[in-house]
Amino acid sequence: MSTRQLNEQEARECKTEQRSYLWGFGLALVLTLIPFGLVAFADVERMTLWLTIGGCALAQVIVHLRFFMHITLAKNKREDLLLVLFTVLILVILCGGTLWILFDLYKRMLPGMMP
Amino acid sequence: MSDATSLIFGRLGWDALPFWSMLDDHSAMSIINGVIATGAAGMVVLGILAAIVLVTWLGKWKYLWSKWLTSPDHKKIGIMFIVIALVMLSRAIIEAVFMRAQQAVGLDGGFLTAEHFGELFTTHGTIMIFFMAMPFLTGIINYVMPLQIGARDLSFPVMNQISLGLTAAGAALTMISLVLAPFSTGGWTGYPPFTELSYNPGAGVDYWLWAVTLSTLSSTLTGINFAVTIFKKRAPGMTLFRMPLFTWTALCTAILMIFGMPPLTVATGLLALDRYLDFHMFTTDLGGNMMNYVNLLWAFGHPEVYILILPPFGIFSEIFATFSGKRIYGYKILVIATMCIAILSFTVWLHHFFTMGQSAHINAAFGIATMLIGIPTGVKVYDWMLTMYRGRIRLSVPMVYAIGFIMLFVLGGMTGIILATPSVDYQVHNSLFLIAHFHNMLIPGLLFGMLSATNFWFPKAFGFRLEERWGYRAAFCWIIGFMLAFFPLYVLGLMGMPRRSVAYFEPQYVPWMITAGIGALVILAALLCLLIQLWVSIRDRHANNVFAGDPWDGRTLEWGISSPPPEYNFPVIPEIYSIDAFMTEKDRGQGWQAPDRYDDIEMPANSAMGVIIGITGLAMAFGLTWYMWWLVIGAGLVTLVAVIARGFGRTTTRTIAACEVQRTHEHWLEQVRLTHPIDRSLEQTTSNHGRPVPPIEGAVQ
Amino acid sequence: MSSGNTRALEGNSRHPGLNLGPAHAQEEDTREEMVFGFWVFMMSDLILFGLLFATYVTMLGGTAGGPGPKELFELKSAFIQTMILLVSSVTFGMASLALKYREDKARLVVWLLVTLALGLAFLFFELKDFHSMFDKGGVPSRSGYLSAFFSLVPLHGLHVTGACIWLVALLGQMAVHGLDAPVKTGILRLAILWHFLDIVWIGIFSLVYLGGLS
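Just so you know, the protein sequences line up as chains A, B and C, in that order.
The first sequence lines up with residues 1 to 115 when you count with the numbering used here.
The second sequence lines up with residues 1 to 701 when you count with the numbering used here.
The third sequence lines up with residues 1 to 214 when you count with the numbering used here.
Be a bit skeptical, because a hint or two may be false.
As the list claims (entries may be wrong) - Reference excerpt, derived from the structure (chain C facing chain A, CB under 10 Å, subset only):
#, residue
1, Gly21
2, Ala23
3, Leu51
4, Ser96
5, Leu97
6, Trp194
7, His195
8, Phe196
9, Leu207
Since the hints were derived computationally from the structure, they do not count as laboratory data.
Computed from a prediction, not measured in an experiment: that's the story for all the values here.
Glycine residues also receive a C-beta, built at the ideal position from the N, C-alpha and C atoms.
Work out the full structure: start from the sequences and follow the hints.
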C-alpha cells in the first residue's frame, strides 16, 4: 500500500494532531520531572511532598486522557466521559472505603500494621 | 508414589476416589458417608455416560456441534446457559435436602461427618451463586434482551461463546470434584486463614478457587457484552427511556458485573498467590492480613447481590404489566430506582462484617447506607402494586410466582432492615437468622424471578406453552416449601443456633429443624413438578403450539416475531416510537406487517472458540488443582495459540439471502393470518396459538 | 493549540482513542462497537488495579521486620522505566497518526517496532529491578508488604507483556492480510491498552516508588 495523498485540510489536521501528541508528551514530561526531582534532590516537608506527588500524578492522568486517549468534554464523547467518571466514582468508593475501614481497624486492633 | 507418576498425576492419587476412605475405616459413620459420596459420584459418571450414549444413539453429534456448541446465536447460548443452571440447581437442591435431613436428626450427632457437611454447604453455596443464579440470569438476559431492543445478536457473539465456555468449565470442575474428591470445606466465601495452605493443604480449596475464578471471568466478559450491546445496538428510535424495564435492569446488572467482579478476581487471585507461590497476603504470620480478604470479597459480594436481584425486578415488571393488561405504573421512577439501587449497592459492603472490629461510626455509616437501599426497593414494590391496581389480572403461572415474590420479598426485606442495624447484627450475625434472611431474598427474589421468566418466555423460545397445571403445582410447592423450610430458621437464629453447624445439643431446636426438613422435601417436590411440567409440555407441544408468537398479548418487541424466532430475529430492524413498542403497533392495527423490501442479512459465522476456551480453561483449572503442571502449561499454550490464530481469521460472518428471509417471513405471516385470535381469558387453553384479539378501540393498554 | 480545527475533529469522534475519520469509513460501526467494548474492559481492569493499589497501601505496615521500600527501590531505575513508557506512548501515538493519515505501512511498522522495542526495554529494566530486589532479600514470601508489592507491580508488567505479544500478532496479521479493517481496529484497541498501561504506571511510580522513597 502506498502513501495516501492528503488534501490540504487533512494535512492541516495531521499537523494539529501531531502537535497535540507532542504537547501531551511535553506536559507529561514536566509533570514527571517535578515529583522525581523533588524526591531526588529537594528537602521538602513530607506532607507537602506527598501532596505534590499526588497532584502531579492526577494532573498527568488528565493529560494522558486528554492528549493520548482523546477523551474530551466535546458533546458526543459524553458516553466515554461518563464511563470514566462513573469508574472514578466507584474507585473512590471502593478504595476510599477500603482505606477507611482497614486503617480504622488497625488503629483499634492491629497497631503493628500501621506504616 | 514414584517421580514419574507424580510428574503426570501431580498429587492426584487413589485416595481422591470417594469410596477410598471407606476401605480403610469400617466405622458405620464412614460407611454411610462413603456410600453417599460414592452415590453422588456414580450419578455424575452415569449422567455423563447416559448423555453420551443418548446423543450417539440418536446420531446427533454433528447436530449438537454445528447447531449448538459452535453456534454464536445469542438465543442458543442463552438456552445452554439455562440448561447448565437447571442441572446445577438440581444438584444443589439435593445437597440442601441432605443438609436439612442431617440437621433434622442432628441432635447430638446425625449421620454426616463434619467434613462431609462442610463440603455440602460449600458446594451448595458456590453452586447456587456462581453456577445456578449467574448462568440462569445470564441465560435469560442473553435470550431476551437483544429481542427486546430490536437487535440481531449481542455485540460480541464469540465472546459470548467464551463466557459460556468458561461458566461450563467452572460448573464441570465442581462436578468433577464429586468424583475426584474433596471439595473445599471453607464455605462459599472461603475466608482465610482457614483456606490458607497451612490449614487446608488438600485440593478442596483449590477446586473452589478455580471454579469461582472461571465463573468470575465469564461474568466480567458477559457484563461487557451486555452493556455494549445495550448502548450500541438498539433499534432506531429506541432511546434509553423507551427501553423495556427488563432491558434496563439488564443494563444495570451488566454495569454491576463490570465493576463488581474485579474485587472477587483480586481476592481469589491473591488467595491463589498465597497458596501457590507462598505469598503472605492473608496469612496469620509475616505481616499478612486476612481482613483484607474479607473486605475485598464483600466489595464484590454486595454488588453481586444486586446483580442477582435486579434482573428479577425487571422480569416481574414485565410480568405485572402483561398479566394486568396495563402499562407499567411509574416507568421512569422504576428506572431511576433501578439506577439508585445499582449505585448504592457499591456503598454497603461493610454490613457483611459489622463484627470485624472497626469503630462504631463506620458501622453506623454503612448501616444507614444499607437501610437507604430499602427506599428505591420500596418504591418498586409500590409501583408493582399500583400496576396491578384496577388491572384485569390473570393469575397465570408467572403471576403466581410474582405475587408470591412480592409478599415474601417484602418480609425478607424487613429482616434485612433488622440486620442492617449494627447492634442487632451483633446478636444474630452468623446465626441461622442470617441464613433465613438471605434465602428469603434469593429464593422468592431470584429463583421465583427466574422460574416465572421461564414460564413467561418459554413459548417464545420453543414455540409451545409450558403446561399450566404442573406449573401451578410447582409454583405452590415452591412458595409453601420455602416458607416451611426457612421461617423456622428465623426462630432458630433468634434462639441462637449458629449457621453451618453439623450437630447441636439443644432439644428445643428439634421441632423447628424437623419443620424445616419437611419444607426441604416440599421444595424437592417442587423440583420434581418442574421436571414433570417440562415433560408434559414437550409431550403436548402440538396442542400448545404458539407459532404466531404472541401467547400472552405481550407488550414488548420480542412478542412481535415468530415463536421460535428466526436466527436473525428481525427480518427488518423495526423502528420504535414509544415504550411497549409492540403494544403500540397492535393498538394502531400495525402488527404483523410485511416490510416493503428485504435485504441480505449478515450474521456471525460459527466458531469453535467457546468450546476451545472452555476445554482449555477446565484443563488449566484441573491441572492447577492437582499440581499437574504439564497440563497447565499445555492448556495455556493452546489458549494463547487459539486466540492469536483467531485474530488471523477473516471469514467471521456469513450472509443470509434476502429471498430466504422473505420466504420465511411471509410463511410466518401467512400462518399468523390463519391463526384464530383469542381473548386473553382463553390464553391457558389449547385454542391459544399465539394471536390475541386486537385491543378494543379506545381502551387504555 | 486548541484551534477550531481540533474542535471540528473531535466533533467527529465516535469512540475513545484516536478516531480514524471519514477516510476509513468502511466498517465504522463495527469499529465503534469494538473500541467502545474494549474501553469498557479497560475500566473493569482499572477497578482491579485500583483495589490492588488500595490493598498495597493497607499492607505498607506489614513488613514483618523485612526490607522495606527504602532498602529495596532505586529511584534511577524507576525513572528510566517511567521515561521509557512515556516515550513509548508517544511513539504509539505517532504510529496511530501514520495509520490515520498516511496508510503508510512502512512508516506504521517502523513506529510500531520502535514502540515494541521500548516495551521490551521496559520489561528488561523491570525484571532487572526485581532481580536486584531478590538479591537484597526482597522476595514475596518474606512479608505481607512484599507480597502486596509483587501482586501489584508484576501484574502491570504482565499486561505490558500481553500488549507486546498482541503487537507482534498484529504485525503478523498485517504481513498476511495487509492493512485491512480488522488490523486497523486491532491497532486502535492496542493503542488504548498501551496508553492505559501508561496511566496505571503513573499510579505505580507515584504511589509505590516515589511514595516509598520519600
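Status of the Ser96(C) interface restraint (C-beta, 10 Å, chain A): holds, 9 Å
Hint check, Leu207(C) versus chain A [nearest Cβ-Cβ separation less than 10 Å]: holds, 8 Å
Does the interface hint hold: is Ala23(C) within less than 10 Å of chain A, judged Cβ to Cβ? It holds, given that the least Cβ distance between Ala23(C) and chain A is near 7 Å, below 10 Å.
Tell me if Leu51(C) is really an interface residue toward chain A, meaning its C-beta lies closer than 10 Å to one of theirs. Since chain A brings a Cβ to about 6 Å from Leu51(C), closer than 10 Å, the hint holds.
Closest C-beta approach of His195(C) to chain A relative to 10 Å, hint status: This interface hint holds because 4 Å falls under the 10 Å limit.
Hint Leu97(C) vs chain A: min CB-CB distance below 10 Å? This hint holds: Leu97(C) lies near chain A, its Cβ roughly 6 Å from the closest one there, short of 10 Å.
Just to be careful: measuring from the Cβ of Trp194(C) to every Cβ in chain A, is the smallest value less than 10 Å? This interface hint holds because 9 Å falls under the 10 Å limit.
Hint status (Cβ of Phe196(C) to nearest Cβ of chain A, threshold 10 Å): For Phe196(C), the interface hint holds, since the closest Cβ of chain A sits about 8 Å away, which is under 10 Å.
Quick check on the hint: Gly21(C) CB to chain A CB, less than 10 Å? Result: holds, 8 Å to nearest chain A Cβ.
Violated hints: none; the structure is consistent with every hint.
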